[in-house]
Amino acid sequence: MSHSAAISIGLAVAAIFLSVSPGLHAQIQGMQTFENRKEGTNVLPNAAPDLTLIAIHRNFEDFSTNSNLHVRFFLPPVADFRTRKVFLEAVELQDSFHYFMEATSQTRWKNNGWNIFEPWPTKDVIDKLGLQPTNIGVLARYEISGAPAVYLPVDVFQTDSQPKKGTYTFHFITASDLQTLEVSVTNEKGAVSKAPKLQFSCNRKYNPNCKLYAAGSSQAFTLDMSGLRPGEFHIKLLGRIPGELTPMSLDFVMYHQL
Amino acid sequence: MAADAEKSFRPWVAWLIGCVWVGTAVAVLIAVRIHPATITNISVNTRKLSFRTDATHILGPGNHEQLLVSGMKSLQVRFSIEQTIHVDGVPAHVASLSAEGDSFSSCSFYRVRSGGLEVLGPSVVTLQFVEGKRGKSFSMKSHGMLKDELSSLHSEPGRPSAFECRGLRVDGKTARNIDGTFYPEGGDTVFVASAPDTRIDFTLSEHSDVSDMQIPILGEVRFTETDPGSSEEKSVLLAPPAEITFEKANKVVTLKFGDLLVVVPQKDFYVRQFMVTDGIHLSLHGKVRDVRAGAGVKDMASLMPSAFDQSGSAARILGAIATLSGVMLGILEKMGLLGKK
Chain A
0 MSHSAAISIG
10 LAVAAIFLSV
20 SPGLHAQIQG
30 MQTFENRKEG
40 TNVLPNAAPD
50 LTLIAIHRNF
60 EDFSTNSNLH
70 VRFFLPPVAD
80 FRTRKVFLEA
90 VELQDSFHYF
100 MEATSQTRWK
110 NNGWNIFEPW
120 PTKDVIDKLG
130 LQPTNIGVLA
140 RYEISGAPAV
150 YLPVDVFQTD
160 SQPKKGTYTF
170 HFITASDLQT
180 LEVSVTNEKG
190 AVSKAPKLQF
200 SCNRKYNPNC
210 KLYAAGSSQA
220 FTLDMSGLRP
230 GEFHIKLLGR
240 IPGELTPMSL
250 DFVMYHQL
Chain B
0 MAADAEKSFR
10 PWVAWLIGCV
20 WVGTAVAVLI
30 AVRIHPATIT
40 NISVNTRKLS
50 FRTDATHILG
60 PGNHEQLLVS
70 GMKSLQVRFS
80 IEQTIHVDGV
90 PAHVASLSAE
100 GDSFSSCSFY
110 RVRSGGLEVL
120 GPSVVTLQFV
130 EGKRGKSFSM
140 KSHGMLKDEL
150 SSLHSEPGRP
160 SAFECRGLRV
170 DGKTARNIDG
180 TFYPEGGDTV
190 FVASAPDTRI
200 DFTLSEHSDV
210 SDMQIPILGE
220 VRFTETDPGS
230 SEEKSVLLAP
240 PAEITFEKAN
250 KVVTLKFGDL
260 LVVVPQKDFY
270 VRQFMVTDGI
280 HLSLHGKVRD
290 VRAGAGVKDM
300 ASLMPSAFDQ
310 SGSAARILGA
320 IATLSGVMLG
330 ILEKMGLLGK
340 K
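Residue numbers (numbering that gives the first Met the number 0), protein chains in the order written: chain A, 0 to 257; chain B, 0 to 340.
Derived from the structure by calculation, the hints contain no laboratory data.
Treat the hints with caution; some may be incorrect.
Stated by the list, open to error - Restricting the straight-line Cα-Cα distance to at most 27 Å, the calculated cross-link-like pairs of lysine-lysine (DSS-like) are:
1) B:K250 / A:K127
2) A:K163 / B:K172
3) A:K127 / B:K255
4) A:K163 / B:K255
5) B:K297 / B:K47
6) B:K172 / A:K196
7) A:K37 / B:K255
8) B:K286 / B:K297
9) A:K164 / B:K72
10) B:K47 / B:K333
11) A:K127 / B:K47
12) B:K172 / A:K193
13) A:K235 / A:K163
14) A:K37 / B:K297
15) A:K164 / A:K204
16) A:K164 / B:K172
17) A:K84 / A:K196
18) A:K204 / B:K135
19) B:K146 / A:K127
20) A:K235 / A:K196
21) A:K193 / A:K84
22) B:K266 / B:K333
23) B:K172 / B:K47
24) A:K204 / A:K163
Using the sequences and the hints, build the whole thing.
Rendered as structure tokens:
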């Protein structure tokens with residue numbers, strides 16, 4: 000081998016080293032685009048306000064790996080449904096991987112009827128991250144310009160074998176420690192509904208500064224609205240922080256459909 | 000004479016000298032450009048730490064004023080003597096209690112001693128320190144099941160050793176609320192098994208001791224959290240500034256306050272020790288592939304010493320010898336002292 004050839008090979012090896020070394024540790028992360036959704040790991044804007052709603056479930060069927068999920072929700076009739084924007088998102092209830100899924104806006108939703116979002120195969124992202132069904136929250140809502148968002152309870156299923164009930168599980172995140180939480184339901188006119196008022200508290204006899212829920216944690220409560228007529232309802236969460244007089248609250252609108 | 004000297008500078012000698020110099024220069028250039036994995040020691044005080052681990056135990060024993068477990072799979076209590084508990088407000092005298100739960104069940108234990116958490120399989124663990132108006136608290140999230148054995152402590156006036164749970168099933172029935180006090184003298188035992196995704200919150204008292212040692216870290220560690228407003232990654236590092244020591248290169252880097260920090264382990268990377276005081280004080284040690292820091296995500300740059308920095312004095316001396324030998328060859332050839340063949 001000539002000297003020049005040896006030098007050329009040496010420089011080529013050096014060039015390969017130089018070009019490869021900065022990229023060696025690059026990681027594949029982020030969102031992937033599928034036909035009907037974006038899904039992957041993303042930064043989640045949760046725990047920003049005092050209380051953040053992250054999911055409302057009517058039914059959430061357990062599933063194993065390699066399942067194909069479907070999400071059903073009811074879109075109530077509105078006059079200007081063409082300007083209505085519908086959002087469907089899924090997150091981890093207790094965040095470990097920053098999992099996030101959102102339906103893309105190409106999906107055509109049916110006004111005044113049940114809608115099904117599908118397919119949502121778990122093999123694409125959920126199985127790869129090792130997420131448990133009990134740790135996935137799905138939130139559907141619609142927005143019309145100038146009006147507050149209306150949240151829509153969802154059924155998440157594979158075979159749709161469970162009976163439909165008017166009992167909902169609400170998942171939320173609290174930004175502060177809470178000692179008590181009250182949940183009340185009023186109808187569109189502000190009248191207190193027949194739905195039971197929920198009250199949760201820790202026992203201050205055990206510890207005057209006890210925590211019912213810790214700051215940053217995701218929590219859930221169940222509300223039976225099966226005795227109520229379909230329509231919009233205001234759900235109000237009122238929480239009290241240990242040692243503080245000023246409460247924190249969250250008021251949102253949901254559409255109840257039997 | 001000059002003509003003779005030029006004549007005596009034969010091509011193969013010129014090539015040899017050139018090769019020695021170019022070879023040395025290329026070797027140095029490569030050594031400066033590549034940043035091989037190296038043993039690193041990191042001292043940092045942080046608000047948050049999230050990592051993947053295959054540790055079988057995490058967090059040592061410690062006393063806690065309140066231990067709040069969110070996501071309870073199973074609860075078993077063995078009372079020293081029969082105690083009165085309330086299941087949905089209905090009193091019951093029991094010597095033991097067994098209940099089942101799920102990811103939405105939670106329990107608070109007041110004045111208990113934790114025996115340390117057993118981790119069932121590889122997990123993603125997030126440790127977080129919060130300092131609020133009402134004191135300091137510490138939480139641990141786990142994507143992976145945990146077990147713990149608690150002992151009730153001696154009750155004090157106005158601060159009984161007690162428990163309260165929500166959403167647990169007793170005898171197959173869903174109970175909204177179970178609560179009761181432990182034996183006032185202490186010594187009741189509580190076995191807790193968590194749901195696959197669980198969170199444990201510790202209320203730290205003056206005498207609280209939350210610490211551990213030798214926890215393996217399997218993946219990348221980002222000392223950042225996402226700002227909900229801007230979706231930007233923000234630093235979670237606290238004072239004093241983090242100090243990173245690359246042992247082989249004997250290079251010490253002190254980060255500026257507010258810098259982002261990302262550590263990418265290669266193998267055998269451990270939390271040597273952590274202790275929760277005014278933050279989570281961490282000592283990390285092991286072989287890392289990369290350590291990046293910067294004022295923002297797009298400003299982050301590798302702090303890794305180059306192979307040249309890591310090369311020992313012997314390697315540098317060898318390089319110098321090779322370079323000098325080229326010079327010597329040239330001088331000898333000029334002087335005609337090299338053989339003619």
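Consistency of the hints with the structure:
1. A hinted pair counts as satisfied when its Cα atoms are at most 27 Å apart, and K250 (chain B) with K127 (chain A) does not qualify at roughly 39 Å.
2. Of the pairs offered as hints, the one joining K163 (chain A) and K172 (chain B) holds, with about 21 Å between alpha carbons and a cut-off of 27 Å not exceeded.
3. A distance of roughly 37 Å separates the Cα atoms of K127 (chain A) and K255 (chain B); the hinted pair therefore is violated under the 27 Å criterion.
4. Distance hint between K163 (chain A) and K255 (chain B) is unfulfilled; the C-alpha atoms sit about 56 Å from each other, more than 27 Å.
5. A distance of roughly 21 Å separates the Cα atoms of K297 (chain B) and K47 (chain B); the hinted pair therefore holds under the 27 Å criterion.
6. Between K172 (chain B) and K196 (chain A) the alpha-carbon distance is near 22 Å, which keeps this suggested pair within the 27 Å criterion.
7. A hinted pair counts as satisfied when its Cα atoms are at most 27 Å apart, and K37 (chain A) with K255 (chain B) does not qualify at roughly 37 Å.
8. Only pairs whose Cα atoms come within 27 Å are accepted, and K286 (chain B) paired with K297 (chain B) is accepted, the gap being roughly 25 Å.
9. Of the pairs offered as hints, the one joining K164 (chain A) and K72 (chain B) holds, with about 25 Å between alpha carbons and a cut-off of 27 Å not exceeded.
10. Distance restraint check for K47 (chain B) and K333 (chain B): the Cα-Cα separation of roughly 67 Å exceeds the 27 Å cut-off, and the hinted pair is therefore not satisfied.
11. Taken as a hint, the K127 (chain A) and K47 (chain B) pair is honoured in the structure, with Cα atoms around 25 Å apart against an allowance of 27 Å.
12. Between the alpha carbons of K172 (chain B) and K193 (chain A) the distance comes to roughly 25 Å, so the proposed pair stays at or under 27 Å and holds.
13. Restraint check for K235 (chain A) and K163 (chain A): the C-alpha separation of about 24 Å stays at or below 27 Å, so the hint holds.
14. Restraint check: the Cα-Cα separation between K37 (chain A) and K297 (chain B) comes to about 24 Å, which is no more than 27 Å; the hinted pair holds.
15. About 37 Å separates the Cα atoms of K164 (chain A) and K204 (chain A), which puts this hinted pair outside 27 Å; it is violated.
16. Only pairs whose Cα atoms come within 27 Å are accepted, and K164 (chain A) paired with K172 (chain B) is accepted, the gap being roughly 19 Å.
17. With a C-alpha separation of about 31 Å, the suggested pair K84 (chain A) and K196 (chain A) falls outside the 27 Å cut-off, and the hint is violated.
18. For a cut-off of 27 Å, the pair hint linking K204 (chain A) to K135 (chain B) stands: about 21 Å separates their Cα positions.
19. Under the criterion of a C-alpha separation no larger than 27 Å, the hint pairing K146 (chain B) with K127 (chain A) is consistent with the structure, at around 25 Å.
20. Only pairs whose Cα atoms come within 27 Å are accepted, and K235 (chain A) paired with K196 (chain A) is accepted, the gap being roughly 10 Å.
21. Taking the CA atoms of K193 (chain A) and K84 (chain A), the gap is about 31 Å. The hint is violated against a cut of 27 Å.
22. Between the alpha carbons of K266 (chain B) and K333 (chain B) the distance comes to roughly 53 Å, so the proposed pair goes past 27 Å and is violated.
23. The straight-line distance between the Cα atoms of K172 (chain B) and K47 (chain B) is roughly 38 Å, outside the 27 Å bound, and the hint therefore fails.
24. Of the supplied pair hints, the one linking K204 (chain A) and K163 (chain A) is violated, its CA atoms being roughly 40 Å apart against a limit of 27 Å.
Checked against the numbered hints given earlier, the structure breaks hints 1, 3, 4, 7, 10, 15, 17, 21, 22, 23, 24 and satisfies all the rest.
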